[in-house]
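Once you have looked at the hints, place chain V on chain Y.
Protein chains: 2
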Amino acid sequence: MEEELRKVRKWMQRNRVHATRLLQKLVQEGSVRGKEAAAQAIIIEKCRELGLQLDIWEIGNKTLMNHPAYCSDRKDYTGNPNVVGVLKGTGDGKSLILNGHIDVVPENNLAEWKNDPFSGFIEEGRLYGRGSTDMKGGTVALLLAMEAIIATEIQLKGDVIFQSVIEEESGGAGTLAAVLRGYRADGAIIPEPTNLKIFPKQQGSMWFRVTVKGRSAHGGTRYEGVNAIEKGILVINQLNELEKVRNSRIVDPLYKNIPIPIPINIGKIHSGDWPSSVPDICIIEGRIGVAPDEKMSAVQAELERSLQELEKKDIWFKDYPTTVEWFGGRWIPGDLDIEHPLLTTLESSYLEVMGSSPVVEASPWGTDGGVLSKIGDIPVVIFGPGVTEVAHDANEYIVLEDLFTSADIIASTILRWCEVSRSD
Amino acid sequence: MEEELRKVRKWMQRNRVHATRLLQKLVQEGSVRGKEAAAQAIIIEKCRELGLQLDIWEIGNKTLMNHPAYCSDRKDYTGNPNVVGVLKGTGDGKSLILNGHIDVVPENNLAEWKNDPFSGFIEEGRLYGRGSTDMKGGTVALLLAMEAIIATEIQLKGDVIFQSVIEEESGGAGTLAAVLRGYRADGAIIPEPTNLKIFPKQQGSMWFRVTVKGRSAHGGTRYEGVNAIEKGILVINQLNELEKVRNSRIVDPLYKNIPIPIPINIGKIHSGDWPSSVPDICIIEGRIGVAPDEKMSAVQAELERSLQELEKKDIWFKDYPTTVEWFGGRWIPGDLDIEHPLLTTLESSYLEVMGSSPVVEASPWGTDGGVLSKIGDIPVVIFGPGVTEVAHDANEYIVLEDLFTSADIIASTILRWCEVSRSD
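For the record, the sequence lines run as chains Y and V. Counting from 1, one number per residue, gives the positions in the first sequence under the UniProt record's numbering. Counting from 1, one number per residue, gives the positions in the second sequence under the UniProt record's numbering.
In case anyone wonders, no lab produced these hints; they're calculated from the structure. Please note: incorrect hints may appear among the correct ones.
The list makes no distinction among identical chains, and a pair is therefore deemed to hold if it is satisfied within one copy or across any two copies.
Said to hold, decoys possible - No farther apart than 30 angstroms at their CA atoms in a straight line, the calculated lysine-lysine pairs in the DSSO-like style are these:
no. : residue 1 : residue 2
1   : Lys-318   : Lys-114
2   : Lys-88    : Lys-313
3   : Lys-268   : Lys-256
4   : Lys-94    : Lys-10
Only chain Y is shown next, with the shape it has when bound in the complex (with noise of 0.2 angstroms):
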């Protein structure tokens, strides 16, 4: 195998340029949730150049609707389809899911953004953009390393079946709606923002919307009224101890770099119509995290419980108890013995790679990987050349060279667990 690898190496080496490009027209199309469709069709041409065969539709069926992991607050799939490309083997070997999501999280406050968060632009070696991190750098890395095995003619034995989703980020209905068309494999790889790290466990989410009551009033008479933004900041308040108690929880040796393994996320605050008014609701908009050996219903029963207990600290809630809805995102936390062979396959050609050992943690995000691993059966590693802390922020970027390294160590892991069919 050692001939084979030099041989992909050194075509990988010499189409950096191709592959930099490639994503750079990627994050151009900014695909944020329903405009996924330019981005796909760039995913599209591509397999097609690689003679992969191809699977191209929309989801939304009625099984996939119906499904108990099915959590969206989508109505319409059209036109933004899901994109499959098999690499088929000649038999006889382990199969392999490359999973990647094509949807990107929104800009946010273009203010904050150095350049247009949808240029591609580079700079000392990083890619910049929406997306470039989370996750069109480990999609180009995951089709690097297959267009190098075709190129430099690879049989493989098992099939690589390379997956471009919608709906990551709202909580996987596109990885979802894959499993349900009956793709399987012996393995699974997601190129997900690690840092080069591995994660075989994921954080999953949920997200969670609390309505808090108030009584509204003039404001130059405010003690007449109730504020709802100062009830929903104790609401705040109490998510937040929460979250101290069940991170209190957590002892997983995988987690223990990580400051808050299970956070609670703040992300909305909606309250007030008018500054002379008392505002009588506040709407709060937010992420908790999953440990992965939790059940997604016990979590939910357990923030409902704590927002109950505000009745305890202030009477206001017993009369006004809030509500929790659990809508769009969720994504079921992922769990992958440290012992599998998919995972010292993927450690021994990072070892090869870059003579060092990985390191191997507990993700602090949930993936596609809880819906590949808890519905599909299917083992699932997340591994990928982006930056952790800088996904979904301003000015998002990836530094090339890991883009680089990990499409190598992909490449690699790839030919030991697919295997090298010979005709001799």
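Chain V alone, transformed into the frame defined by chain Y:
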């Protein structure tokens, strides 16, 4: 004058149903900002019926917009006029402005309303709906008093200048336009909802917008970012402290029954657009009360200084100071001497009708009285039938009996102030 008073009262007693119907029609035309036209059309029709000298004009000329007291973010006043109707006197009497605003605040959370906010339905002597108390009920009391005087063919010496203005709720541009158009008088009554109390002094107020910065990050690694909502809560706490400090300085006995003489109301908060992201900006809007003896500019400076002090409590604000804008609403405080003859005339009328002395206080909110007195140099008193506690609230209502009582007191005040002209 006893004779005239008796005739006027008798007439009003017999025409209660018509006045009630007029209020109902005015409430049903929900004249929120930018939609004042239909309610003003009803006012115009009534003024024509009374034979008043009508002046109907769209405000917004350069003189208004360039005036230092002008403060509005509204760009277009087309189709939503100010209305003035003058009842000319025979001369040699004191003139009186009767001022009511036609604009109402938004209905807010519809779920809190037992009925349609613009139904005007009546139950147990209360007429319900947005604007019933603040302050279409007061305006109807003015028109009822004027109609009674006109219908009983009483001639006054002084002019009565009835004004139905727009934009009170957003800072008084309508009344400022009337002052700049030349309307002056020896006194003015504004029947804002005072629970039949008399307010010679009025709290002024201003709107502010504070922009608070954070640093965005993925919610799963929220510790990599800085949550703008968390920093926004510190800003709210600081404003609460400022409110305490400012109110501890109020010693005017007129404020002795008011829990918070000059409140700071947090009316709006808006932050974040994705539950899984740490929000990087938080916008807080509110209203700060201004004491009758305070200068608007000094209050602005005090709030800004207070927020600058946040950097001593949290180093974040040193690098990312908040920014403060003074936008939209702005009501100059009013301050009438408690020995002024306008006030004593109103007090005598009250005593005569009610058989007891009125409660004289300082108002807990700004009114157009500030503009009339500080810009127009017109002595102003605030006195009206509405229910202070339900202004701007869901299920706003007015007690119809109070409306008729106030019309009685106002009619009596008109006769005393403007004086009856006798041909014999």
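These are the hints, each one checked on the structure:
Only between protomers do Lys-318 and Lys-114 lie at most 30 angstroms apart by alpha-carbon distance; the minimum there is 22 angstroms, versus 48 angstroms within a single protomer. Taking CA atoms no more than 30 angstroms apart as the test, Lys-88 paired with Lys-313 passes in neither setting, with 62 angstroms inside one copy and 62 angstroms between copies. In the homo-oligomer, the alpha carbons of Lys-268 and Lys-256 lie at most 30 angstroms apart inside one protomer (29 angstroms), although the nearest pairing across protomers, at 40 angstroms, exceeds that limit. For the homomeric pair Lys-94 and Lys-10, the shortest alpha-carbon distance inside one copy (25 angstroms) is at most 30 angstroms, but the shortest distance between copies (100 angstroms) is not.
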